[in-house]
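Whole structure, please, built from the sequences with the hints as guidance.
Number of protein chains: 2
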Amino acid sequence: MIRVGILGYGNLGRGIECAVKNNSDMELKAVFTRRNPADVKILTEGVGVYHVDDILAHKDEIDVLILCGGSATDLPMQTPEYAKHFTVVDSFDTHARIPEHFANVDKNAKEGGNIAVISCGWDPGMFSLNRLYANAVLPQGNDYTFWGKGVSQGHSDAIRRVEGVKNGKQYTIPVEEALTAVRNGENPELTTRQKHLRECFVVAEEGADKVRIEQEIKNMPNYFADYDTIVHFITEEELQRDHAGIPHGGFVFRTGKTGWNQENSHVIEYSLKLDSNPEFTASVIAAYARAAVKMKEEGMSGCKTVFDIAPAYLTSLTGDEIRAHLL
Amino acid sequence: MIRVGILGYGNLGRGIECAVKNNSDMELKAVFTRRNPADVKILTEGVGVYHVDDILAHKDEIDVLILCGGSATDLPMQTPEYAKHFTVVDSFDTHARIPEHFANVDKNAKEGGNIAVISCGWDPGMFSLNRLYANAVLPQGNDYTFWGKGVSQGHSDAIRRVEGVKNGKQYTIPVEEALTAVRNGENPELTTRQKHLRECFVVAEEGADKVRIEQEIKNMPNYFADYDTIVHFITEEELQRDHAGIPHGGFVFRTGKTGWNQENSHVIEYSLKLDSNPEFTASVIAAYARAAVKMKEEGMSGCKTVFDIAPAYLTSLTGDEIRAHLL
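Sequences listed follow chains A and B, in order. Per our numbering, the first sequence starts with residue 104, numbered consecutively. Per our numbering, the second sequence starts with residue 104, numbered consecutively.
No lab work stands behind these hints: they were computed from the structure. Since no wrong hints were added, every one of them can be taken at face value.
Note: identical chains are not told apart, hence a pair may lie in one copy or across any two.
Calculated lysine to any residue pairs in the SDA-like style (CA-CA distance at most 20 Å, straight line):
no., residue 1, residue 2
1, K210, D423
2, K252, R286
3, K397, D411
4, K399, D411
5, K144, W363
6, K144, G362
7, K252, T283
8, K124, N245
9, K124, Q243
10, K124, W363
As structure tokens, this is what we get:
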């Protein structure tokens with residue numbers, strides 16, 4: 104059994120807990136939190152919740168520690184720190200800072216003799232894999248990534264910061280015409296506006312000026328101004344009833360040419376349709392946690408991304424089994 | 104530059120030649136054939152065509168030898184034989200015999216200190232990868248693979264063996280309703296007939312009994328009897344004009360559940376739409392040929408499948424580059 108520890112018990116931490124339950128070769132050993140452990144109720148019976156300050160006392164009980172903090176401030180500190188002591192996996196997703204994060208984590212993981220998998224999930228993660236494989240197979244071609252339909256936490260937060268807004272949720276939606284053009288191999292040049300639209304469900308405070316709120320959202324720089332944005336005003340009850348989930352997904356395409364004169368066209372498409380963004384992210388992390396444990400057992404160390412890990416490490420099946428049944 | 108040799112100059116061999124042209128870090132060094140080399144005209148200027156009996160004389164000119172023979176009789180002999188002397192890649196696709204082929208090739212590749220990648224292409228190959236990744240990520244779920252729309256060589260051959268048939272081509276087509284049901288997460292149980300239909304374009308010999316030919320095709324055991332089959336009679340001119348290509352493709356799905364009570368559903372879909380089956384297969388092989396050369400340079404040896412090869416080996420980009428641009 105692979106003994107799993109979780110650091111940080113929010114949506115992703117709970118997702119990891121569920122993923123551990125759904126993987127028969129894994130067991131949850133401990134949850135670590137910055138909160139008062141007595142205040143954190145987890146789903147798994149008989150598993151302890153401890154303060155993060157006590158984490159090193161549990162070092163020998165854990166094969167892999169999953170870091171479930173945020174990319175803005177938690178993971179840049181936590182992953183290098185804990186890679187000294189544990190095999191770790193994180194879901195660091197600030198694309199621009201990945202090289203720096205990789206370097207910091209790699210140094211400490213090597214010093215500690217541990218494997219540290221960073222930027223694990225679906226984007227970065229499964230989408231990255233598909234970009235890499237498709238680029239390697241079709242060197243002459245174009246890449247397209249679309250996100251959605253799904254809830255963007257950052258954009259939902261932005262809506263809620265508008266004066267007069269009580270609550271809100273934002274869906275990122277790929278533009279159907281753009282998907283179709285890419286899928287047909289038309290290799291379109293797409294602007295930001297042509298790729299995605301943004302649909303907002305907003306609960307206004309009583310008496311708030313809805314016209315102003317709508318304009319303020321639609322004209323918000325970076326978040327909405329470059330997109331076609333639809334704003335719906337609904338009640339808090341409707342928001343809770345119809346928009347409680349955290350669905351997401353998206354599409355990765357590569358279209359490319361082969362042949363002596365590049366006369367033949369090909370379309371590679373990978374897509375995800377996810378009821379729960381954090382639970383799917385957690386499921387990817389669980390598979391890479393297994394890989395990390397196996398790689399450490401083989402004596403490897405250092406920082407790894409999904410690019411560095413052979414697919415066979417992800418499964419609990421043997422080489423004979425996967426060759427016989429999945430190849 | 105990666106120096107490539109090709110053994111067998113049919114559709115796949117020509118595809119490899121094109122793929123080498125489209126990969127800027129590769130160059131074609133030699134083509135080997137069982138035919139009279141003087142009778143084999145290749146596209147690349149200045150590259151020699153040699154009889155296969157002379158292949159070992161060219162050992163030091165070649166970093167990787169691509170074996171482009173058939174799975175029925177060529178590759179079971181060739182891949183183990185040449186893995187003793189070369190880094191090799193094949194596209195062995197007789198699923199049931201892969202374990203045996205792996206064992207034979209592994210032994211000889213290890214003895215020769217070479218890497219041998221077997222069963223490389225899109226199925227087995229890219230489809231296998233997607234089955235493995237998706238199974239690892241969603242351990243609770245169902246797999247579906249659909250093929251087409253595309254030309255099946257085996258079924259086209261079967262048509263041509265029917266008495267009174269002059270020529271013919273068969274397309275395998277996934278049933279749209281089945282695709283939709285899977286994509287919607289309905290987890291259907293599908294019979295052979297419900298998954299694919301078969302469309303045949305047949306050129307009959309003059310005076311042949313078309314009613315009998317159609318019945319004979321539709322009732323042919325293994326090939327057509329378990330499917331809904333459509334037979335069109337056309338002229339040789341129409342066949343040459345409208346059905347000269349070798350398109351193919353297909354879909355790999357995994358639908359699965361996550362959550363404490365498996366309350367959330369997810370759909371992973373990978374699809375290929377290919378103008379040229381052999382050229383795409385060749386493009387996958389070219390990427391794995393690069394991987395094989397890198398692995399051998401790192402001192403590895405033995406038989407490998409797509410499952411055993413970390414994605415980073417496939418690309419000519421550095422680790423820094425792929426982390427910065429593709430992750």
